[in-house]
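> Use these hints to put chain P onto chain B, whose structure you have.
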Amino acid sequence: MLKHCLSCDTPHHYPRPYCPHCGSDQTEWRASSGLGEIYTFTRMVRGVETPYLMAYVKLDEGVTVLTHLHAPDWDAVHIGMRVKLGFSASASGQNVPIFVPA
Amino acid sequence: MSTAVQACVAGIYEHPLRVAPDHSVARLHADVAHGAVRDAGLTLNDVDAYFCAGDAPGLGPTSIVDYLGLKRLQVVQTTELGGASYLSHVGEAAAAIAAGRCKVALVTLAGRPKSEGSSGTKPRNYGDTAPDAEFERHYMPTPLNSYAMCAMRHMHEFGTTSEQLAWIKVAMSHHAQHNSHALLRNVMTVQDVLDSPRVADPLRRADCCVVTDGGGAVVVVHPDVAKTLRQPLVQVVGMSASVKGQSGGQVDLTHSATAWTAPRAFEQAGIGPADIRYASIYDSFTITVLMQLEDLGFCAKGQGGKFVADGQLISGQGRLAVNTDGGGLCNNHPANRGGMTKIIEAVRQLRGQAHPNVQVPNLEFALANGIGGFLGSRHGAATLIMKRV
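Chains as they are written, first to last, in the working numbering: chain B, 1 to 102; chain P, 103 to 491.
Extracted from the complex, chain B is given alone in its bound form (with noise of 0.2 angstroms):
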């Protein structure tokens, strides 16, 4: 789900009442296509305990969201890459937005 202005026709993320762009209140959630491509990454290898791959992934609406990326092939991993919306516990045992190859 995506946070959509109705005055400027415009989404953004993360969600606020109030759109960030033009400052209406009329936002409204409306759902994504949970399809994108990989904006930019990095792979994290040290000085954590399990490495991860973090990544801003840009959804085809339009908005671009701070993720990690669970790839079987961490060297095919490539910016313009097509992921897919997925849902996996974080560290804090939450589900959360990840996105995988689409």
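Treat the hints loosely; a few may be bogus.
As a list, the in silico EDC-like pairs of lysine to aspartate or glutamate whose alpha-carbon atoms are at most 16 angstroms apart [to be verified]:
no., chain 1, residue 1, chain 2, residue 2
1, B, LYS58, P, ASP354
2, P, LYS224, B, GLU49
3, P, LYS173, P, ASP148
4, P, LYS408, P, GLU265
5, B, LYS84, B, GLU37
6, P, LYS403, P, ASP326
Don't read these hints as lab results, they were simulated from the structure.
For chain P alone, coordinates are given in the frame of chain B:
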């Protein structure tokens, strides 16, 4: 800052310690406060304005002003732009002085992240009430992965290489060899940087700044006061600060807020990048320096890699001397906030008090630029321009 009253930086002090397990943070603030007013030829009794940021313990200025015993304050200000705060403080102090609200402003920074086990690979906790927290904290954002993603994108868009980033560390190491207080004093080669272990690719350990205890302080004064003091006159002639974040999801990681602050600061000073031969550029990571140089206008966007390569930031041999104290990459990054030491070395250069081996001769202007917070999510930036008169 085209004002009739041109405030001056009259006192500077950088704490000599890099590891201070036996000093409290408040004590470190006091050490640098006394050091800076002493450098100016003043005492704390002359101070009528105090500026600090989030590194000040307790209730910030309320705690530290009481601790220091400052009794004549007319202006008290905090600005929280992370490590860029102090550059903003100097500009705001100059504005308060020009407005007639105070005459002697003290700015302090201190902390002991080295002794407290801080690391750039650990998440920083700014509290669960931060509006972004619920949407980001699960992904463990840290300084390393934040800046690494900026570097990865920069390489993708512009072909920037790890070798080019390494030249930034190499230049800082060339300068740090002359600084007896610097944490890392060994001269490094590009290969040394490339051989250091990858932490968050494309960044390696040597692309990262040091973690140090310590601090620094500056004193900004009315020109009438400055003329009675011992140090060469260094005027504050331009400052602009701003914040850039994720822009509601329109994420752009190849431009910093410096792209907005630099033109305003240059306009105030009445000069341009071509007039600058020494610059203190915030070096939390090598990529931070590269992006600021582009955003300051020293080269076109995307050309930063070529601009820094082949020793072009080394004093005496390159096109622009940068961080002649060794910077945060080799010398000092007290409290994980590098803006204060950026001001201090720029003032040393303008006074002619840098180490002789790195002093840039006959400087008229110097620039100091800071990026605080996380370049990969939300950061503050401040551009400060000073002039020797």
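> For every hint, state whether the structure bears it out.
Structure-based check of all given hints:
| no. | hint | result |
| --- | --- | --- |
| 1 | LYS58/B to ASP354/P | 11 angstroms, holds |
| 2 | LYS224/P to GLU49/B | 11 angstroms, holds |
| 3 | LYS173/P to ASP148/P | 9 angstroms, holds |
| 4 | LYS408/P to GLU265/P | 10 angstroms, holds |
| 5 | LYS84/B to GLU37/B | 8 angstroms, holds |
| 6 | LYS403/P to ASP326/P | 42 angstroms, violated |
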